[in-house]
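**Q** Please model the entire structure based on the sequences and the hints provided.
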Amino acid sequence: MNKLLLILPLLLPLYGAILCLFFWFRPRAQKIVSLLAQLGLVSASLYLLLHVNSAGIIKTQIGSWPAPFGITLVADLFSCLMVLSSSIIGLALIVYSLQGLDGARQRFGYYPLVLLLQLGIGGACLTGDLFNLFVWFELLLICCFVLISLGGTKAQLEGAIKYVTINIIASSILLMGIGVVYGTLGSLNMAELASLVRMPETDTSLVSMAGMFFLLAFGIKSAVFPLFFWLPASYHTPPIAISAFIGGLITKVGVYALVRTFTLIFAINLELSLPLIMLIAGFTMVIGVLGAAAQKDFRKILSFHIVSQIGYMVMGLAIYTPLALAGSIFFIIHNILVKTNLFLISGVVAQRHGSFGLKKLGGVYLLQPVLALLFVLSAFSLAGIPPFSGFWGKFMLAKAGFDAQDYTIVATSLAVSLFTIFSMTKIWNEVFWKKKPAEAGVENTTHEMEPESAAARTTRRLMYVPVIFLTLLILYIGLYAEQLISLSGRAAEQLLNHELYIHVVLSK
Amino acid sequence: MKTSILGTAIRLLVPVFQLFSLYILFRGHNHPGGGFIGGLIGSIGYIFYAMVYGPKEVVHLFFNFSLYVEDRADHRSRTQAYLQTLKNNTWQRKQTKLPKEARKAREYRLEPMHLIATGLLLAVSSGVLGMLFSGGPYMSALWADFYLPILGKPGTPILFDLGVYLLVMGVVLKITFIMSED
Numbered sequence: 001m002n003k004l005l006l007i008l009p010l011l012l013p014l015y016g017a018i019l020c021l022f023f024w025f026r027p028r029a030q031k032i033v034s035l036l037a038q039l040g041l042v043s044a045s046l047y048l049l050l051h052v053n054s055a056g057i058i059k060t061q062i063g064s065w066p067a068p069f070g071i072t073l074v075a076d077l078f079s080c081l082m083v084l085s086s087s088i089i090g091l092a093l094i095v096y097s098l099q100g101l102d103g104a105r106q107r108f109g110y111y112p113l114v115l116l117l118q119l120g121i122g123g124a125c126l127t128g129d130l131f132n133l134f135v136w137f138e139l140l141l142i143c144c145f146v147l148i149s150l151g152g153t154k155a156q157l158e159g160a161i162k163y164v165t166i167n168i169i170a171s172s173i174l175l176m177g178i179g180v181v182y183g184t185l186g187s188l189n190m191a192e193l194a195s196l197v198r199m200p201e202t203d204t205s206l207v208s209m210a211g212m213f214f215l216l217a218f219g220i221k222s223a224v225f226p227l228f229f230w231l232p233a234s235y236h237t238p239p240i241a242i243s244a245f246i247g248g249l250i251t252k253v254g255v256y257a258l259v260r261t262f263t264l265i266f267a268i269n270l271e272l273s274l275p276l277i278m279l280i281a282g283f284t285m286v287i288g289v290l291g292a293a294a295q296k297d298f299r300k301i302l303s304f305h306i307v308s309q310i311g312y313m314v315m316g317l318a319i320y321t322p323l324a325l326a327g328s329i330f331f332i333i334h335n336i337l338v339k340t341n342l343f344l345i346s347g348v349v350a351q352r353h354g355s356f357g358l359k360k361l362g363g364v365y366l367l368q369p370v371l372a373l374l375f376v377l378s379a380f381s382l383a384g385i386p387p388f389s390g391f392w393g394k395f396m397l398a399k400a401g402f403d404a405q406d407y408t409i410v411a412t413s414l415a416v417s418l419f420t421i422f423s424m425t426k427i428w429n430e431v432f433w434k435k436k437p438a439e440a441g442v443e444n445t446t447h448e449m450e451p452e453s454a455a456a457r458t459t460r461r462l463m464y465v466p467v468i469f470l471t472l473l474i475l476y477i478g479l480y481a482e483q484l485i486s487l488s489g490r491a492a493e494q495l496l497n498h499e500l501y502i503h504v505v506l507s508k
Numbered sequence: 001m002k003t004s005i006l007g008t009a010i011r012l013l014v015p016v017f018q019l020f021s022l023y024i025l026f027r028g029h030n031h032p033g034g035g036f037i038g039g040l041i042g043s044i045g046y047i048f049y050a051m052v053y054g055p056k057e058v059v060h061l062f063f064n065f066s067l068y069v070e071d072r073a074d075h076r077s078r079t080q081a082y083l084q085t086l087k088n089n090t091w092q093r094k095q096t097k098l099p100k101e102a103r104k105a106r107e108y109r110l111e112p113m114h115l116i117a118t119g120l121l122l123a124v125s126s127g128v129l130g131m132l133f134s135g136g137p138y139m140s141a142l143w144a145d146f147y148l149p150i151l152g153k154p155g156t157p158i159l160f161d162l163g164v165y166l167l168v169m170g171v172v173l174k175i176t177f178i179m180s181e182d
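Chains as they are written, first to last, in our numbering: chain V, 1 to 508; chain W, 1 to 182.
Errors might be hidden in some of the hints.
[What the hints assert, rightly or not] Derived contacts from chain W toward chain V, CB cut-off under 10 Å, selection only:
hint: 1; residue: M51
hint: 2; residue: M113
hint: 3; residue: T118
hint: 4; residue: L129
[Said to hold, decoys possible] Derived list of chain V stretches under chain W, where covered just means 3 residues or more per stretch with a C-beta under 8 Å from a C-beta of chain W:
hint: 5; stretch: 114 to 123
hint: 6; stretch: 229 to 242
Calculated directly from the structure, the hints in this document are not laboratory data.
Quick reminder that beta carbons are idealized off the backbone N, C-alpha and C, glycines included.
**A** As structure tokens, then:
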């Protein structure tokens with residue numbers, strides 16, 4: 001039973017991608033295949049979450065090689081939550097790209113790439129082996145590279161080159177770290193490493209050094225200060241269906257790996273690494289939000305906000321109490337949903353009005369009041385206004401910070417929240433509220449907007465479906481926060497209870 | 001690069017490369033070799049052929065299949081027609097019973113992309129087969145309990161290697177075709 005549950009989130013997207021390869025150049029068939037695979041993936045990961053929730057951590061040994069020698073797949077609550085939220089996002093994005101992506105990109109392998117990206121995220125979250133983690137990250141890197149450069153416009157290639165260069169450097173640093181770990185401890189299985197590191201006779205100085213390699217590598221991949229500069233440079237170049245997926249998910253997988261390794265393996269000599277992580281978290285929040293305040297493009301503001309929000313997730317790791325880690329996990333899930341939704345809304349706006357520039361947009365509130373409502377809900381959620389989901393994440397983090405008496409970071413995070421509201425208000429004012437600016441030569445642009453063919457209307461309605469779906473989910477998380485809070489609380493307990501993890505993986 | 005020596009030699013060498021690559025593929029379980037290197041060796045012949053005669057010629061010669069189909073006569077059932085098509089294309093392929101006009105040749109083309117997809121499908125499914133029939137986790141090996149004359153004991157790992165073989169060959173051919181078209 002466990003073997004099937006754990007392998008299904010990997011097999012379903014892989015089989016979907018293979019079928020899509022058989023239907024190369026036939027986008028209609030690819031659409032059906034990828035929708036079905038994605039639906040299957042959502043239900044499989046939901047079932048996995050329910051099972052892990054009731055039965056505790058589960059594992060399977062690939063190829064029946066026992067634990068420290070073969071590759072283990074492990075699912076605890078945190079990884080299940082990651083897999084589930086990423087599959088939900090994948091579903092929403094595939095529904096969105098049925099209408100929101102141009103035909104050429106759909107024909108040249110968009111769907112198999114998205115499914116392979118899903119496979120990479122599932123693998124990175126479920127693996128229990130360090131080198132295997134590296135391989136999954138490589139898969140993510142390659143898929144992202146192709147997706148960003150798919151279409152081959154000049155801006156896209158420029159963004160893709162920046163992205164791939166910095167990420168290859170990160171990967172090689174990660175590989176060096178893995179080499180140091182293997183050289184000093186002689187194992188790559190995370191559970192065995194966790195038990196080796198905690199033995200008194202182990203020389204931990206080299207392990208801490210390897211931990212810095214991991215911090216650097218995952219730091220680049222999750223775009224923390226001062227290594228974030230590649231993200232705003234590349235994430236806004238591809239079409240919205242692609243940048244929403246990458247922007248919403250990939251950096252969070254980096255944060256996931258950071259949390260996983262630093263709670264399991266590098267959880268020694270924490271008095272050295274935690275202050276550093278704390279410093280990184282604070283600066284990431286501040287720099288990200290200041291960068292966003294300076295931008296005048298819908299997507300660029302959102303890209304900088306990704307950086308700023310990563311700071312909150314890392315802050316939970318830096319405080320390192322059960323409540324703080326729970327806050328981190330809650331915040332990751334909330335942020336994956338909200339950020340993707342905001343990107344999608346910017347895509348819907350751009351599809352109707354043909355621009356992402358704040359200067360050129362305007363008057364959306366009059367034309368599309370429903371969209372404005374959806375935006376407000378998501379933006380409030382991102383900024384953390386009380387009943388919405390962002391509030392609970394920030395509340396948990398702030399409370400944990402007060403309990404641990406880290407007043408500086410709490411003050412920083414609260415100040416950053418204010419700036420987030422400022423950015424969201426700026427988008428609201430410029431895109432939705434102000435009058436549509438009259439362009440030179442066209443005296444009344446709203447007049448030109450009026451005639452809309454039936455086909456265009458269906459297109460627009462179909463593009464609303466994933467946005468409404470995600471907004472409902474965000475509202476659900478916000479208004480019925482109890483469930484997810486208790487889930488992430490238990491996930492954090494599992495993270496800190498390393499003996500349980502070790503026992504499950506290494507037992508027969 | 002049209003030298004007559006290479007041009008003549010490569011015609012003879014393509015089957016040699018192909019056979020040698022299969023040999024490498026099957027010895028790979030216990031000795032150096034296997035699907036990856038086998039696929040690379042297998043594609044060498046086609047690469048040389050494309051260098052001499054151009055990629056279109058390679059596709060035409062090795063990856064195009066023509067099926068001879070007849071129009072179905074009214075009194076025949078669908079099954080009979082399929083059987084007739086099968087017969088036309090297998091043991092009666094060489095005999096030209098029908099005049100040229102009555103036989104319609106339908107061209108089918110094997111794309112490198114199909115090789116890639118088939119290879120992936122084989123490799124992934126070998127793990128699933130092992131999981132379903134041996135009761136172990138994913139990728140558990142499943143072995144038959146008899147020996148085949150040359151190949152040895154068949155099992156799911158050979159399916160995986162075969163998948164890798166096709167995948168590597170497909171990728172290399174795709175790259176070659178695209179690069180030599182420019």
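**Q** Now, for every hint given, state plainly whether the structure supports it.
**A** Taking the hints in turn, this is what the structure says about them:
1. Hint on M51 (chain W) is violated. Least Cβ distance to chain V is approximately 26 Å, over the 10 Å limit.
2. Interface restraint check for M113 (chain W): the shortest CB-CB distance to chain V comes to about 5 Å, inside 10 Å, so the restraint holds.
3. The criterion of a C-beta within 10 Å of any C-beta in chain V is met by T118 (chain W), whose closest approach is roughly 8 Å, and the hint holds.
4. A cut of 10 Å between beta carbons decides the hint on L129 (chain W): the least distance to chain V is about 12 Å, and the hint is violated.
5. For the stretch 114 to 123 of chain V, the proposed coverage by chain W is not satisfied: 0 residues have a C-beta within less than 8 Å of a C-beta in that chain, short of the threshold of three.
6. Here the stretch 229 to 242 of chain V counts 0 residues with a CB under 8 Å from a CB of chain W, which misses the bar of 3, and the coverage is violated.
Hint compliance for this structure: hints 1, 4, 5, 6 are not met, and every other hint is.
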